[in-house]
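Engineer: Protein chains in written order, with my numbering: chain A, 86 to 197; chain B, 23 to 139.
It should be emphasised that the hints constitute simulated quantities derived from the structure, not laboratory data.
None of the values given here were measured: they were computed from a predicted structure.
Careful: at least some of the hints might be erroneous.
Stated by the list, open to error - Subject to a maximum C-alpha distance of 27 Å in a straight line, what follows is the list of computed BS3-like cross-link-like pairs (lysine-lysine): (1) B:Lys60 - A:Lys122; (2) A:Lys122 - B:Lys63; (3) A:Lys184 - B:Lys60; (4) B:Lys31 - A:Lys127; (5) B:Lys44 - B:Lys63; (6) B:Lys58 - A:Lys127; (7) A:Lys184 - B:Lys58; (8) B:Lys31 - A:Lys184; (9) B:Lys40 - A:Lys122; (10) A:Lys153 - A:Lys122; (11) B:Lys44 - A:Lys142; (12) A:Lys143 - B:Lys60.
Stated by the list, open to error - With beta-carbon atoms standing in for the labels, derived distance ranges: (13) A:Gln145 - B:Asn39: 43 to 49 Å; (14) A:Ile147 - B:Pro83: 35 to 41 Å; (15) B:His101 - A:Thr154: 46 to 52 Å; (16) B:Tyr73 - A:Ser111: 27 to 33 Å; (17) A:Thr154 - B:Lys60: 16 to 22 Å; (18) A:Ser111 - B:Lys63: 18 to 24 Å.
Ideal Cβ placement from N, Cα and C applies to all residues, glycine included.
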Amino acid sequence: GENVEQHPSTLSVQEGDSAVIKCTYSDSASNYFPWYKQELGKGPQLIIDIRSNVGEKKDQRIAVTLNKTAKHFSLHITETQPEDSAVYFCAARIYNTDKLIFGTGTRLQVFP
Amino acid sequence: DTEVTQTPKHLVMGMTNKKSLKCEQHMGHRAMYWYKQKAKKPPELMFVYSYEKLSINESVPSRFSPECPNSSLLNLHLHALQPEDSALYLCASSQDLRAGGIYNEQFFGPGTRLTVL
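Could you build all of it, start to finish, from the sequences and the hints given here?
Structural biologist: Take a look at the structure:
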């Protein structure tokens, strides 16, 4: 079945450094890839997404890149801040359905 | 209004109880979802409603019974649950594919933390 792999499972960075989280998907027909941030005790929050017709998208300190040939996409956070500390999930939409397949999550810790 | 609300925030119930979780959105979305999330795991899809009709049931046990009374509301009725059903239950909504929401941006509520004793 469809699968999304996410690495690393944990990531610790110093405030101001960059953080990169990588995901690989199996369904070559997937065309939509969102990223969610989940803080402790809260629901997942959509922070950025990318569609299969573009290779990169930026929103202030956050960027996502997509390599359709290799079937992987990455989240880049620059100038990290302590409030970026959370669990981040990538996901891929199964083509022509309402279903998202989630990665296993990355716990990001940003130390002051 | 870009918010999905869920009530209650916390729920403790015994294995013989009957309870319901509620979800509401006023974004005009026509697809609504229930997810279950265990600690340190990703959300796991349970049900999808599209235009108030159940479109996906991920082989969820019958002790979980979803209901979509109208396009803004989604309920999850719980009966005879087991301790292993304790989890965070998340509701989400999105534009339905048929409404032009072909990229399916899903917005999540804060969840209901369920404990089954």
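Engineer: Give a verdict on every hint.
Structural biologist: A quick look at each hint next to the structure:
no.	hint	verdict
1	B:Lys60 - A:Lys122	holds (16 Å)
2	A:Lys122 - B:Lys63	holds (13 Å)
3	A:Lys184 - B:Lys60	holds (19 Å)
4	B:Lys31 - A:Lys127	holds (10 Å)
5	B:Lys44 - B:Lys63	holds (23 Å)
6	B:Lys58 - A:Lys127	holds (13 Å)
7	A:Lys184 - B:Lys58	holds (14 Å)
8	B:Lys31 - A:Lys184	holds (25 Å)
9	B:Lys40 - A:Lys122	violated (32 Å)
10	A:Lys153 - A:Lys122	holds (23 Å)
11	B:Lys44 - A:Lys142	violated (35 Å)
12	A:Lys143 - B:Lys60	violated (31 Å)
13	A:Gln145 - B:Asn39: 43 to 49 Å	holds (46 Å)
14	A:Ile147 - B:Pro83: 35 to 41 Å	holds (38 Å)
15	B:His101 - A:Thr154: 46 to 52 Å	holds (49 Å)
16	B:Tyr73 - A:Ser111: 27 to 33 Å	holds (29 Å)
17	A:Thr154 - B:Lys60: 16 to 22 Å	violated (34 Å)
18	A:Ser111 - B:Lys63: 18 to 24 Å	holds (19 Å)
Hints 9, 11, 12, 17 from the list above are not met by this structure, while the remaining hints are.
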